[in-house]
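Line order of the protein sequences matches chains A and B. If you count the first sequence from 1, position 280 lands on 280 in my numbering, and the numbers rise without skipping. If you count the second sequence from 1, position 32 lands on 312 in my numbering, and the numbers rise without skipping.
No wet-lab data here; the hints were simulated from the structure. Each hint should be verified, as a subset may be incorrect.
Cut-off 25 Å, straight-line C-alpha distance, at most; resulting in silico cross-link-like pairs (DSS-like, lysine-lysine) [what the hints assert, rightly or not]:
1) B:334 x B:649
2) B:535 x A:56
3) A:123 x B:759
4) B:535 x A:237
5) B:420 x A:123
6) A:123 x B:716
7) A:101 x A:184
8) A:8 x A:35
9) B:334 x B:316
10) B:691 x A:237
11) B:431 x B:535
12) A:237 x B:524
13) B:691 x A:258
14) B:759 x B:535
15) B:716 x A:56
16) B:624 x B:649
17) B:360 x B:420
18) A:35 x A:157
19) A:212 x A:237
20) A:11 x A:212
21) B:535 x A:258
22) A:56 x B:691
23) A:258 x B:431
24) A:101 x A:56
Derived list of chain A stretches under chain B, where covered just means 3 residues or more per stretch with a C-beta under 8 Å from a C-beta of chain B [claimed, not checked]:
25) 129 to 135
26) 244 to 257
27) 269 to 277
As the structure is a prediction and not an experimental result, all values here were calculated from the model. Note that CB positions come from ideal geometry on N, CA and C, so glycine has one too.
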Amino acid sequence: MSRIDIKKTYKLFIGGQFPRSESGRTYEIKGANGKFIANPALASRKDLRDSVTAAKSALSGWSSATAFNRGQILYRIAEIMEGRRDQFVNEIIALEGGSAKAAEAQVEQAIDLWVWYAGWCDKISTIAGATNPIAGPYYNFTTPEELGVVGIIADQKDSLLGLVAAIAPVIATGNTAVVIASEKRPLPAITLSEALATSDLPAGVLNILTGKVSELAPWLASHMEIDGLDISGADPKIESELRIAGAENLKRIHRFNKSQSPQRMLAFMEAKTVWHPIGV
Amino acid sequence: MDKNPFEYAPAPESRALVSIKAQYGLFINGAWVEPKTKDKFATINPANEEVLSKISQASDSDVDRAVKAARAAYLKTWSKMPAKERGKYLFRIARIMQERAREFAVLETLDNGKPIRESRDVDVPLAAAHFFYHAGWADKLDYAGLGINPKPHGVVGQIIPWNFPLLMLAWKIAPALATGNTVVLKPAETTPLTALLFAEVCQQAELPAGVVNIITGDGATGAALVNHPGVDKIAFTGSTEVGKLIARSIAISGKNATLELGGKAANIVFEDAPIDEAVEGIVNGIFFNQGHVCCAGSRLIVQENIYDDLLAKLKRRMSLIRVGDPLDKNTDLGAINSAAQLAKIKELSASGDTEGAFRWSPDCQLPSKGFWFAPTIFTGVTQSHRIAREEIFGPVLSVLTFRTPQEAIEKANNTPYGLSAGIWSEKGSRILWASKALKAGVIWANTFNKFDPASPFGGYKESGWGREGGRHGLAPYLKGAK
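When you get a sec, could you build the whole thing from the sequences and use the hints?
Here it is as C-alpha cells:
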C-alpha cells in the first residue's frame with residue numbers, strides 16, 4: 001500500500017507567527033483542474049489590524065538596520081527560496097495550471113528579483129539622494145527614507161512573481177508591510193512566508209494575509225497607521241473607492257505595471273532634506 | 281523691561297513704486313479678458329482695510345476657457361519648442377522679475393500685509409531665483425535621473441495660498457514650464473495682485489500665449505479647476521483639509537497631484553544648544569511672516585534644565601519685535617492676512633487659555649485699523665491641547681518641555697503632520713541622530729525657515745505628496761517619474 005502523504009495546513013503569517021484567522025474562518029481553494037486543494041485561513045478585519053500592529057512594531061528596528069544588513073537578509077530570502085524551488089513550482093502548477101516550464105520560469109524570476117532588490121538596498125540612497133548647492137553658507141543634503149507601513153494588494157494572477165515584485169522593493173528600503181495575497185492562488189504566498197520566517201527577516205516586517213480582497217482591501221485603505229498602498233493587484237473597479245478611503249490620512253497610493261523598477265522602491269520613500277550652517 | 285530701548289523713526293517704503301489698476305480681468309491666452317459673469321470682489325490691504333482693487337471671479341466657463349487655452353498652447357507651441365528655447369523664456373522671466381523686484385515687493389506687502397523687509401529680502405528674490413534655477417533644467421531633463429526623455433503631463437492646474445503669493449507662484453510655475461507643461465494658476469482670493477503683475481511679466485517676456493493663464497476667484501474657482509477634465513495634473517499648496525478634498529476628487533478622475541499642506545513643526549532645543557542663536561531661530565521660526573508659514577516652528581520643545589533661562593531670553597527678545605506698518609523697513613511683524621484668519625488665530629488662542637496653558641505677549645501697541653495679533657507664546661502646554669495639535673497659522677508659539685532626547689523625538693513626531701522640524705544642539709552626532717528620527721521632510725539644524733530653489737521642500741504624512749525644488753521637484757511634473 002502506498003504511503004498516505006501529509007497535507008499542509010495553510011495559515012496566516014503575522015508578526016513572525018503562523019496563526020489561523022482569529023475569526024476561525026477558512027475558504028476553499030481549488031486547483032486549475034477544479035479539484036480541492038486546501039482550506040487556507042479567511043483573514044478578518046481583526047487579523048488585518050493585528051498585522052498592522054506587528055508591522056508598526058517592526059518598523060523602527062527594520063528601518064534602522066543598516067542597508068548592508070537588509071541587503072544580506074533579502075539575499076538570504078533568495079537562498080531559502082532556492083531550496084524550496086520544487087515546492088513553489090508544484091503549487092504554481094496546481095493553482096495556475098500551465099506548463100512546468102512556465103511555473104519554473106516564474107519561480108526563477110521571483111528568486112532573481114529578490115537578488116536584484118537585495119543589491120539595491122545600499123545603493124538607492126546614492127542614486128536618489130543629493131547634496132544641494134544652495135545659495136548660502138549651509139550644508140544641505142537630501143536623502144530618501146522609508147515611508148513606514150505599506151499595505152499591499154498582491155497581483156491576483158502571478159501568485160508568486162507578482163507577490164515578490166510588490167514586497168521586495170517595499171521592504172528593501174526599510175518599510176514594513178501588510179500583504180493581501182492572491183485570493184484564489186494564495187498557496188505560494190504562504191510557502192513564501194515559511195521561507196521568510198527562516199531568513200533572518202525580523203518578525204513583523206512582512207505580514208501576509210489570505211482571504212477576500214474585496215473584504216480586506218477597504219480596511220487596508222482606511223487604516224490610519226498605514227502610510228502607503230500598492231494597489232497593483234486590486235480590481236480597477238474598486239480603485240477609486242480605495243483612493244477615497246486612503247485620502248483620509250493622505251496615503252501614498254500607487255499601481256505599478258513593471259515588476260522590476262527602482263520606481264517601486266522610490267514610490268514608498270520620502271525625501272528628507274537637512275540643513276546646517278557652515279562656519280568656523 | 282519697561283520700555284523698548286530701540287525707538288526707530290518711521291522708514292516707510294514708497295508705494296508710488298506700484299500702480300494698481302482699479303480692477304483686473306483674467307489673464308487667459310496671453311490677454312486680459314473679462315469674466316463671463318462680470319462678478320468682481322475686492323482685495324484689500326490687511327494692514328488698514330483699504331480696498332486696493334476689484335478682482336474678477338472666474339466661473340466654470342472661465343476656467344474652461346483658460347484650460348482650453350493652456351491645452352492649445354501645449355499642443356501648438358510649448359510641446360513643439362526645443363527645450364533650450366523653452367528655458368530661455370524662463371531666464372527672461374527671472375530677469376524681468378529681478379528688474380521689477382522692488383515693485384513686486386511693495387505690491388506683495390500691500391496685498392498680503394507682510395513686512396517689506398521680508399517681501400524685499402525673501403519672497404521676491406527667491407521667486408526670481410526659482411525661475412532662474414528651473415530655466416537651466418529645461419534642456420537637461422534627460423540627465424535628471426527621471427527616465428530617458430521624460431515627458432510632461434500637459435496642462436497643469438495650480439492653486440496657491442495667500443502666505444507667500446509670488447513665491448508660491450514661482451514654486452509652481454517654474455518647474456511646470458521647465459518640464460514642458462502649460463499652466464492654469466489660481467492665486468488666493470485675498471492676495472491676487474502679484475500674480476496679476478506676473479501676467480504682465482509673461483507678456484514682457486513674450487511668453488507664447490496660453491502657456492501661463494492666471495485666473496482669480498474663490499474656492500469654487502479652485503474646485504472647477506481641480507475637476508476640469510482637461511487638466512492632467514494638479515499642484516496645490518494650502519490646508520490639509522482642502523488637500524484631502526482634492527485627494528478625494530482625483531481618486532475618481534485619476535489625475536496626478538502634488539500637495540503641499542499644513543504643518544505643526546517641532547523646534548527642539550537641547551541642553552547643549554547655542555542659546556542666543558536658538559532664541560533667534562525660535563523667533564524666526566514662529567514670527568517670520570506673522571507665523572503664516574506651513575513649516576513654522578510652532579511647537580517649541582525645550583529640554584527641561586534650560587527651560588527657565590531660554591524662556592527669559594525668548595521673552596526679552598520678543599519684546600524687541602516691532603509690530604506695525606508692513607511698508608516700514610523697520611517692521612518685524614506685519615498684519616494678519618485677513619479677518620477670517622485673525623478670527624481663527626483668536627479662536628485657537630482662546631482654546632489655549634481655556635485648556636489651561638499660560639499666555640504671554642510683550643507689551644506692544646497694535647494699529648487700530650486692519651488685522652493684527654501680537655506675538656504670543658503659551659507655556660504649560662501639553663500634547664493634548666489644541667494649540668499643540670492644530671495648525672494656528674499665526675504668531676503663536678506653544679512651549680513644551682522634555683527630559684530625554686527620546687522623549688523629544690516622541691513629542692515632535694506626535695502629530696499627523698510631517699513638514700519640517702528644527703534641532704538646536706552643538707553636538708554633531710546628536711543632530712544627525714535626531715535628523716534621522718524626526719518624521720519630517722525638511723530638517724533645519726541650528727537654523728530655521730531657510731529656503732532655496734535647489735533644496736527639495738515637502739512633507740511626510742498628512743503634510744502632503746511630493747517635493748518642490750531641486751531635482752526631486754521635477755519628478756511630479758514628468759510622466760512615469762512619480
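Residue 11 of chain A and residue 212 of chain A: Cα distance at most 25 Å?
holds, 14 Å
Hey, residue 123 of chain A versus residue 759 of chain B, does the alpha-carbon distance stay inside 25 Å?
With a Cα-Cα distance of about 24 Å, the restraint between residue 123 of chain A and residue 759 of chain B holds, given a limit of 25 Å.
Can the restraint linking residue 101 of chain A and residue 184 of chain A be considered satisfied, given a maximum Cα separation of 25 Å?
With a Cα-Cα distance of about 21 Å, the restraint between residue 101 of chain A and residue 184 of chain A holds, given a limit of 25 Å.
Do the alpha carbons of residue 123 of chain A and residue 716 of chain B lie within 25 Å of each other, as the hint requires?
Holds, at roughly 18 Å.
Holds or violated: residue 420 of chain B and residue 123 of chain A, Cα atoms, limit 25 Å.
holds, 23 Å
Hey, residue 535 of chain B versus residue 258 of chain A, does the alpha-carbon distance stay inside 25 Å?
holds, 20 Å
Stated coverage of the segment 269 to 277 of chain A by chain B [criterion: 3+ residues, CB within 8 Å]
Held - the segment 269 to 277 of chain A has 8 residues with a Cβ nearer than 8 Å to chain B, which meets the minimum of three.
Pair hint outcome, residue 691 of chain B versus residue 258 of chain A [Cα-Cα no greater than 25 Å]:
violated, 40 Å
Given the proposed pairing of residue 8 of chain A with residue 35 of chain A, does the C-alpha separation stay at or below 25 Å?
Roughly 16 Å separates the two Cα atoms, so the pair holds.
Given pair status - residue 56 of chain A, residue 535 of chain B, alpha carbons within 25 Å
violated, 30 Å
Taking 25 Å as the top limit, are the C-alpha atoms of residue 334 of chain B and residue 316 of chain B close enough?
Distance ~15 Å between residue 334 of chain B and residue 316 of chain B Cα, so the pair holds.
Between the alpha carbons of residue 535 of chain B and residue 237 of chain A, is the straight-line distance 25 Å or under?
OK: residue 535 of chain B and residue 237 of chain A at ~16 Å, within 25 Å.
Hint violations for this structure: numbers 2, 10, 13 and 24, all remaining hints satisfied.
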